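There are 2 protein chains.
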Amino acid sequence: MPNKTHLLRQLENISGKDNVLSSPEVLKPYSHDESATDEFNTMPVAVVKPESTEQVAEIVRLCAEEGVPITPRGAGTGLAGGCIPVEEGIVLSLERLNRRIHIDPENMSVTADAGISLKQLYQVVEEGDLFFPPHPGDESAMLGGIVAANAGGARAVKYGTVKHFVRGLKVVTADGKILSLGGNLMKSSTGYHLMDLMIGSEGTLGIITEVTLSLLPKPGTIMTMVAPFKTVDEAISSVLPVLNLKIIPFAVEFIEHSTIRCVERLLNKNWPVKSGTASLLIILDGPDEDRVLETAEKIGKELENHGALDILIAEQREKQAEILELRSMIYEALRPGVGELYDVCVPRSEIGGHVQFIHELEERIGVPLPTIGHAADGNLHSHAMKYRLEDGEMKEPIKDFAEKNSLLEREIFADVFKRGGVISGEHGIGIIKKNHLIANLGKDAVDMMKAIKQALDPNGILNPGKLF
Amino acid sequence: MPNKTHLLRQLENISGKDNVLSSPEVLKPYSHDESATDEFNTMPVAVVKPESTEQVAEIVRLCAEEGVPITPRGAGTGLAGGCIPVEEGIVLSLERLNRRIHIDPENMSVTADAGISLKQLYQVVEEGDLFFPPHPGDESAMLGGIVAANAGGARAVKYGTVKHFVRGLKVVTADGKILSLGGNLMKSSTGYHLMDLMIGSEGTLGIITEVTLSLLPKPGTIMTMVAPFKTVDEAISSVLPVLNLKIIPFAVEFIEHSTIRCVERLLNKNWPVKSGTASLLIILDGPDEDRVLETAEKIGKELENHGALDILIAEQREKQAEILELRSMIYEALRPGVGELYDVCVPRSEIGGHVQFIHELEERIGVPLPTIGHAADGNLHSHAMKYRLEDGEMKEPIKDFAEKNSLLEREIFADVFKRGGVISGEHGIGIIKKNHLIANLGKDAVDMMKAIKQALDPNGILNPGKLF
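These protein sequence lines map, in sequence, to chains A and B.
Be aware that the first sequence starts at 10, since it is given in my numbering, and climbs by one per residue.
Be aware that the second sequence starts at 10, since it is given in my numbering, and climbs by one per residue.
In short, the hints are calculated from the structure, not lab data.
A quick note: this is a predicted structure, and the numbers were derived from the prediction, not measured.
Only true hints are included.
The list treats identical chains as interchangeable, and a pair is accepted whether it falls inside one copy or across any two copies.
DSSO-like cross-link-like pairs, simulated, lysine-lysine; straight-line CA separation at most 27 Å:
| id | residue 1 | residue 2 |
| --- | --- | --- |
| 1 | 307 | 328 |
| 2 | 186 | 13 |
| 3 | 255 | 128 |
| 4 | 186 | 427 |
| 5 | 186 | 452 |
If we strip away everything but chain A, and leave its shape as in the complex, we get (with noise of 0.2 Å):
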């Protein structure tokens, strides 16, 4: 670490007074992202906000330099601490690289700086009728950040997660060189795919500044269902009669009621079924009303042959933002109680097993996980909650949790990887998952990981302590 003021007066020649912040408070809010624990915040040294990739490139060569660790960040959302920094670091934030956003109708794409949030893009797809699939959650996230944690979300089972999507990108490397990868292409084999390398790395092999995104035409109509179960077993064993239909849904999300309870609460507002334990949650996307109509009933056929107690279509906007709405805020209402957010996936067979298998556990350890999945993809989500939740009210705390939750940790992962899973489907490792990378993926493709940060990052200077 070289001289602290020297170091902050460099930065501010490359990227202005007044985008370099250094006093603790204007700085506390970059020492943690959106996770539940607070374990691991860390104040930097300084927040640097560069303005353009060639900034960009300019603090990575003079912290290369000086030998000080980046760590890249967006708008902060991320849940497995990757944005945190270390201490004798600095924070480069992308927020402010967030002027360009260019639809290419044409060749349907969409070309954005890194600090463009998602709920930006979606507002210049939909203008341009065009159609941006994945739906990774909080909108305000920024698309490097997206890309560099190859987030997922619901809308994955049709259409694939964000690297599905990206045709380019701008990288800076950690020798602070611009580097473009992909392109404006839909093929190519014309060497190793480092843009792929760089998707989900989050952070550790490159600086992603710019991103150029896949979009397809924006559908004629979309429609969101509602079937509620006696159990979530019966919710779940449904998903695989309504892909044998042959109809490939937009998004299939299982949901308990117990735990839409905490959000019905929260917002004042009512999941739109009473009856059973557990609901599916279906959006179907298609070119017109009359045919998604048609779709939604031959779906809504077969889920009452598995036992669906009712069947609710909405069509309206309105109501589907609602029934979203309630879906999607589900972290948010659980987040006050929540210990450890889990982000396992497993094959798309295992999921029911794996239910079970959580809710087994729930009471055998004793402390409540509330769960929800996205259904058709095998990504689910448990919440270890350390107080005891009833009728979505959070009760007494729940005692000795940090013990009762690194046995669940070992439980849960134990099972996952018994049915051929992986620690995380949508969030990335950050700090907060990576003790478990090498019990996941073997010793051996750790390693390999670990031979290509050193060969693409030898000071260690890109984001250091994550992943591994």
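Model the placement of chain B on the given structure of chain A, informed by the hints.
Chain B in isolation, oriented as in the chain A frame:
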């Protein structure tokens, strides 16, 4: 290079006496691939045919110890020299690793040995009432090879190339370790995307021995349309209006009639339309005949508005097969006269301009360049012919072809770079295109590739001499 007899004996100990070839006449087929030039053909010291991943790993460990370079090989259907061995090296042929292919209907996936052919894959998938969209051409190609080259094909417009369908790989590393990358999972944000790095790495970073691919529900029906136009320019210009109908066809090809004449002669069959100088070939998939026919008619009307002289819709399987056979045999028909096969990919919006440039070049340099292309995904194949073409027949040789072709190559690639394109859309770089990689991607990107190669295969024993 160790003592040859000693090496052969050790290989025989691993894979059995019958599975180690070393006499020149049996080695010859392993000295080349299907590319047009024989300039790079090289005889290996031996060919070994392991029958399991474990045997592959043993062979790699042996060769690593003895310093013997290994060139992995599938069916040898590549078009860039990617599986051509080096002198003093061996070929590791995956042809006997072809016993297991297993459909998993619940997870809509298939797991197969790397030596299973595309033909076998399509058959098993069809029997399972499922669907593997990519069709990279020659059906004798093996799965390991199509993944190693990130093969594409005509059917990539709607569903993407092979890389979009790979869920998991078993790979043997340069030090003979066996890694399972990915999994039967639809989502993962668990560490670097090593699997994506292996895809398209042409056997230089690891040897793929098993592949897990995503499948889709089998479409209810597939329909093929052909629309002739007065000029190829008009044909290409009407692709965008079709996409603007919010319809993404399964495949969109443009074919000049002067090119198809060669195939008509070879097969003694006729292209279904006679008028015009170029056709668009469009393939549609959908849930049932009525809906797809409705879509086809909508497209037909749009094409007529943009100058189509006729619209032919083929619904019967046999008629469709005949049209596709004519299309797919183009390389076969031209091959005896092809000096170089180009495989460039440009942004979709640049195809028209590039084809126009190809025609100007043809005139100016005096080399016939019959060109076909995947019109909606920007991937074009120009065939530099060593003979003058007249009504589909090859006539007298082009004088000074070699000099003219090196001029062509420079000009074609320069035009592609100007348009933001790449030198390979789907065939790979192999040996044949490696001298252009830096000009295409820049030295910094290629240096990054070399650093990765060095990190994962420090002794350079996996497929040396390829890519860079």
